[in-house]
Each structure stands twice: as C-alpha cells, then as structure tokens.
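Visitor: The sequence shown maps to residues 370 to 563 in the numbering used here.
If you're looking for bench data, these hints aren't it; they were derived computationally from the structure.
Just to be clear, a hint being listed does not mean it is correct.
[Claimed, not checked] Below, simulated SDA-like cross-link-like pairs (lysine to any residue); rule was C-alpha separation at most 25 Å, straight line: (1) K458 x P427; (2) K469 x T446; (3) K458 x T414; (4) K418 x V484; (5) K419 x P451; (6) K467 x L455; (7) K458 x E511; (8) K418 x H505.
Small disclaimer: the values here were computed from a predicted structure and weren't measured.
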Amino acid sequence: MNFRPALAAPLAALLLLAGAAPARAAWDVATLMGELARNPGGRATFTEKKYIALLDRPVVSSGEMRYVAPDYLEKRTLKPRPELLLLDKDQIVVERGKQKITLRLTEQPEILAFVASIRGTLSGNRAALERNYALHLAGTREAWTLTLSPSDTRIAELVTRITIGGKRGQVGSVEYLQADGDRAVMSIEPVATP
C-alpha cells in the first residue's frame with residue numbers, strides 16, 4: 370500500500386496554511402525605532418538613584434517629566450530639592466533655587482552627544498543615535514533593552530554605556546554608567562492623560 374498520495378494532499382494544505390499565516394514581525398533596532406517614533410510624547414513620573422563612589426548610599430530623587438516629540442524634554446525634580454532641567458531644541462536650561470544656567474548645545478559638543486542619546490531614543494531617531502553610539506538591542510517587544518556604547522572617544526571619556534529599557538514604544542528605564550564608575554538609574558512611569 371502506498372501512503373504517499375494519501376499524505377500529499379494534507380501536507381500540501383498544511384504548507385499552504387503555514388505560508389498564509391502572517392509572519393511574526395522581526396524585533397530589531399529598526400522596528401524599535403519605528404515604534405518609538407510614533408510616540409508623540411506625554412507625561413511621566415520618575416525616580417532616579419545615583420550611585421556615587423564617595424557615598425555609602427545612593428542619592429535618590431524623584432519628580433515629573435514631560436516630553437513633546439521630537440526635541441522638548443522637561444525634567445522637574447521635586448524631591449529631595451526642587452530642580453528643573455529643560456531641553457528645548459538647541460538649548461539646555463538648569464534651574465536650582467535662585468541659580469539658572471542656560472547653555473547652547475551647539476557650543477557644548479559632549480553635552481549635545483549625551484542629549485542626543487536621550488532625544489534620539491525618545492524620538493526613534495536611529496541616525497542621531499548612531500552618530501555617537503553603537504546600538505545593541507536585546508529582548509522582545511514586550512521587554513527590550515537597548516544598549517548605547519559610545520563610538521566617539523570624547524563621549525567615552527564621560528560615559529561608558531547607556532542602557533535603556535522598555536516595553537513596546539515606551540521607555541521605562543535609563544541607566545548611565547559613567548567612565549569614573551559612578552552610575553545613575555532612572556525608573557520612568559507614564560502618567561495617563563485624562
């Protein structure tokens with residue numbers, strides 16, 4: 370008895386169904402950047418822990434953030450002391466108490482490259498990121514980690530690596546490892562808009 374003709378039709382049907390099933394979208398840097406680019410911005414709360422070699426315990430701060438794509442970011446620290454960090458186009462403003470410092474990013478290339486890591490990630494601008502960093506993506510769409518390793522020696526003198534974690538097109542954590550060994554870890558929680 371020959372089973373080949375009897376099996377041929379069911380196998381062909383299975384192969385056709387398998388071919389007709391939608392292919393699972395590849396999870397890669399391009400896909401992540403596309404999802405991040407679709408995020409118009411929003412509000413979030415944050416908690417940041419800074420681990421400094423000279424201190425026994427981390428310095429903890431918390432507050433609120435607001436992002437408007439592609440180049441406006443406001444970080445308002447509420448605890449332990451009020452502070453405002455504002456990135457708007459090519460300008461950075463820092464306010465602490467009665468002190469206010471305003472810098473043009475074009476005059477500060479190292480700061481500009483560091484800011485580009487934040488803005489580039491939030492806006493899904495891969496080209497901006499790759500100007501100064503090598504990108505490595507790990508995980509899945511539901512739990513991803515993007516590691517930025519400086520490719521510019523001036524930036525590498527300040528930052529060893531930046532690790533950004535998230536879910537889909539939403540950033541949930543940012544960790545900066547400085548060249549001197551100090552590091553900062555920020556947890557970000559989106560605030561639902563009414």
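Visitor: Now tell me, hint by hint, if it's right for this structure.
Guide: How the hints compare with the structure:
no.	hint	in the structure
1	K458 x P427	31 Å, violated
2	K469 x T446	15 Å, holds
3	K458 x T414	22 Å, holds
4	K418 x V484	19 Å, holds
5	K419 x P451	16 Å, holds
6	K467 x L455	16 Å, holds
7	K458 x E511	31 Å, violated
8	K418 x H505	24 Å, holds
In summary, the structure is inconsistent with hints 1, 7 from the numbered list given earlier, while agreeing with the others.
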